[in-house]
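> Kindly produce the complete structure, drawing on both the sequences and the hints.
Each protein sequence line maps, in turn, to chains A and B. Going letter by letter, the first sequence gives residues 1 to 355 in my numbering. Going letter by letter, the second sequence gives residues 1001 to 1435 in my numbering.
Errors might be hidden in some of the hints.
With a Cα cut of at most 30 Å, we get these calculated DSSO-like pairs of lysine-lysine [said to hold, decoys possible]:
#, chain 1, residue 1, chain 2, residue 2
1, A, Lys212, A, Lys79
2, A, Lys272, B, Lys1197
3, A, Lys161, A, Lys105
4, B, Lys1278, A, Lys207
5, A, Lys355, B, Lys1278
6, A, Lys251, A, Lys312
7, B, Lys1302, B, Lys1278
8, A, Lys212, A, Lys152
9, A, Lys318, A, Lys152
10, A, Lys275, B, Lys1197
11, A, Lys212, B, Lys1302
12, A, Lys347, B, Lys1197
13, A, Lys275, B, Lys1119
14, A, Lys171, B, Lys1158
15, B, Lys1116, A, Lys171
16, B, Lys1278, A, Lys153
17, A, Lys347, B, Lys1302
18, A, Lys272, B, Lys1158
19, B, Lys1197, B, Lys1158
20, B, Lys1119, A, Lys347
21, A, Lys79, B, Lys1074
22, A, Lys105, A, Lys147
For the record, the hints were derived by calculation from the structure and aren't laboratory data. Quantities reported herein were computed from a predicted structural model and do not represent experimental measurements.
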Amino acid sequence: MNMNLPLVAVILGASLLPVVGAQAQGSITVTAWGGAYSRVQTETIYRPFSEKTGIKVTPEDYNGGLAEIGAQVQTGNVKWDVVNVEVFDAVKGCEEGLFERIDLKSMPAGSDGTPADRDFTAGAMSPCGVISETYSNVMAYDAARLKDNGPKKLEDFFDVKRFPGKRALRKVPGVALEWALMADGVAPADVYKVLSTAAGQARAFKKLDTIKADLVWWTAGAQPAQLLASGEVVMTSVYNGRIYDANLQGKRNFAIVWDGQVQVAEGWVILKNGKNTKAALEFVKYATSTQPLAEQAKRLPYAPPRASALAKVDGPTKQWLPNLPRPGRAVVTDAEFWNENGDDLNKRFAAWLAK
Amino acid sequence: MSSDAPALIESTTIDPASGGGSLPPPGPSLNDDLRRRLRRTEWRGHLRAYLLIAPLLIFVLVSFVLPLSTLVYKSFHDPVVPTGLPLTYKALREWGGPRDEVPTEPVYAALANDMKAAKRDGRAAEIASRLNIEASGLRTTFMRAVRRIDSVESGPWKPYFAGVDPAWESPTTWATVRNLADTNHGLFFLSALDLRKSSQGDVVRQPAEQRIYVEVFIRTIGISALVALLCMAFGFAIAYLLAHAGDRTANLLMILVLLPFWTSLLVRTTAWIVLLQKEGVINSMLLGIGAISQPLPMMYNKFGVAVAMTHILLPFAILPMYSVMRQIPPSFVRAARSLGASPTTAFLRVYLPQCAPGVAAGVLLVFIIALGYYITPALVGGAGDQMISYFIADNLTRALNWGLASAMGVLVLAAVLLLYWAYDKLVGVTNMRLG
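Written as structure tokens, this is what we have:
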């Protein structure tokens, strides 16, 4: 039998053929938090941006952290062009050289003509990022189930006698440790000072130990509302906008306890060594200009970073914005603290969780 | 290979003929020629065979051997710090002081030069993160010195470092730096076993609040063994039923076994969430008939993990047992009975020993697959029920400690190989039947 050598060669060649996945010009991948957040951004930012510039936006979801970003940049395989990161990750990633530097002054002026660096009341996120909004980690429960007997203050989250049942927290040390300390009597202003000490960290973990058996951990921003809706947990930590959205879209009656809220700024960064950095910068400029910011804040109650955008926010979301004056304790996350202690606390948190 | 045989015979039968009909004594040249031609033909046959399987071979190399060797390599090869601080290590070697002493000025000067270079190349944060894996807080200590290093032109450097962070005057800091001197080391294996190198260079246990992995290894083996035993118990009964029922019933049962087997793992796990959750199907039913007054906690705990994993892995136990049982002639048990054995004796002494290869194969298969389970415990288990693959993934994707993840992977691989070896010694791999 004569072997068909050309055929063999073709099979051999095909097996060696590299996977070709070149991205079309004028297209960027924007990675953010999924769920209601990405749905609103698709309508208020991605779509108008694509119509205006012709640059196609491919949305991707992730659950925060620098790991996936670090892996992409370090292996030289950058798939995400623009990512929405939390402020401490913006600081750390910038220091680690994962992001392009962005000058806040190069952002467009506000709709009323105020230069960008003064219009951004929240300031710069880091030398690399531009703030898109400030959200708040709040405690929430289902008022349809608990009626008037719902939790009123942060201490109630740790009170398993009066409020039996599972409670959910995000599977990161942030918020969990701040809440533990505040519920243990630490004043909001001292939280990060106490948490910097070994004794303070031990105290926070000890407080968490008291409810450990009743804790469920979530990773994606859409999960807390699902956990509340299915009755799996009696209360949960949650991004405040998700509760607003679940009540509006899912016809739920979830209630927020603002006491103990932990506010976190987040914003856009451009990954280093990406293939579309120019288009990515165009996107960041557009996404953080007055009009899209105001439109987004009308749909999701996250505080816009520009004074000019905040002035345009009206309607039902306004009273749900996290940074309104309210009774109850509030902490603004300390980016520098998390930049310095994040690795160690993550390690300790992982070990604590596994026990 | 079968296509080569005629060619081979052809060449060997023709050659003597070409040497002439009178058969002169075969000279050395003729012999050599014959041998060469024979070798060439053989070689061509081999090449063809290899070309045919080349796609598969390349696939196995690229998708299996290469990642596996990289994994093993990464578990001990760790050049970030030694190549990032070359001058420092040179100066440390020249100084050569004891571990409980702080080095002298030349070492600090070398460190300053290394830091400036690392900052220029954008590698400083990478080195700091690697140091931090060995000792908490070292990232901060290192980065504090890096941030202001360019503002200082020249030494003395010791006061500069002491000024930015007093930890630079601690022998412990320097001991940690010295522990990382080699590009190839066993530190990742130490941390995978909750051990570390102390400032004196001895191997000691991690502080209590940082110990995880030994417990997780034990837990992983425990859950896998439990699931393997449950699969053996349920699987044996089902396989017996399959092998001894009538054709129609057996076919129907087989479909019931295979259908979930072909369904996506994720779908089956999610189905268990629907069944087991607090207001899920089972709890609502039990509450409805008044059997319980409070919903039972069946998810986010070991119970949920064991139930879901047993269900998902059951076909891997059933199929090998079934294939072995079907080949056992029914006449054997009948013969035992006719010779006076009770049904129990006939089953235990005649039937069961013949099932052994299938049972062993099924249990081993389930145990090995269970060792690497990830998605099911992650979805239906609590934080305290996660198995070793969860922590490997966690180190790969969140903590970005690839060395530790690799070391843990190598340990799991070693455990599986050990198990396979033990199985071979006890039962014999040739006796294993997978269906």
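> Can you confirm whether the C-alpha distance between Lys347 (chain A) and Lys1197 (chain B) stays at or below 30 Å?
Roughly 18 Å separates the two Cα atoms, so the pair holds.
> Given the hinted pair Lys251 (chain A) and Lys312 (chain A), is their Cα-Cα distance within 30 Å?
Holds, at roughly 27 Å.
> Do the alpha carbons of Lys275 (chain A) and Lys1119 (chain B) lie within 30 Å of each other, as the hint requires?
25 Å, holds
> Lys318 (chain A) and Lys152 (chain A): Cα distance at most 30 Å?
22 Å, holds
> Verify the proposed pairing of Lys272 (chain A) with Lys1158 (chain B), using a straight-line Cα cut of 30 Å.
Roughly 35 Å separates the two Cα atoms, so the pair is violated.
> Starting from Lys212 (chain A), check that the Cα of Lys79 (chain A) is at most 30 Å away, please.
Given that 30 Å is the threshold and the Cα spacing comes to 38 Å, the pair is violated.
> Hinted pair, alpha-carbon criterion (30 Å max): Lys1116 (chain B), Lys171 (chain A). Please report holds or violated.
Distance of about 37 Å is beyond 30 Å: violated.
> Are the Cα atoms of Lys79 (chain A) and Lys1074 (chain B) separated by 30 Å or less?
24 Å, holds
> Take the C-alpha atoms of Lys1197 (chain B) and Lys1158 (chain B), compute the straight-line distance between them, and say whether it is at most 30 Å.
26 Å, holds
> Hey, Lys347 (chain A) versus Lys1302 (chain B), does the alpha-carbon distance stay inside 30 Å?
Holds. Lys347 (chain A) to Lys1302 (chain B) sits at ~24 Å (cutoff 30 Å).
> Is Lys161 (chain A) close enough to Lys105 (chain A), meaning Cα to Cα at most 30 Å?
53 Å, violated
> Is the straight-line distance between the alpha-carbon of Lys212 (chain A) and that of Lys152 (chain A) 30 Å or less?
Distance of about 21 Å is within 30 Å: holds.
Consistency with the previously given hints fails for numbers 1, 2, 3, 10, 14, 15, 18, 22, ordered from lowest to highest.
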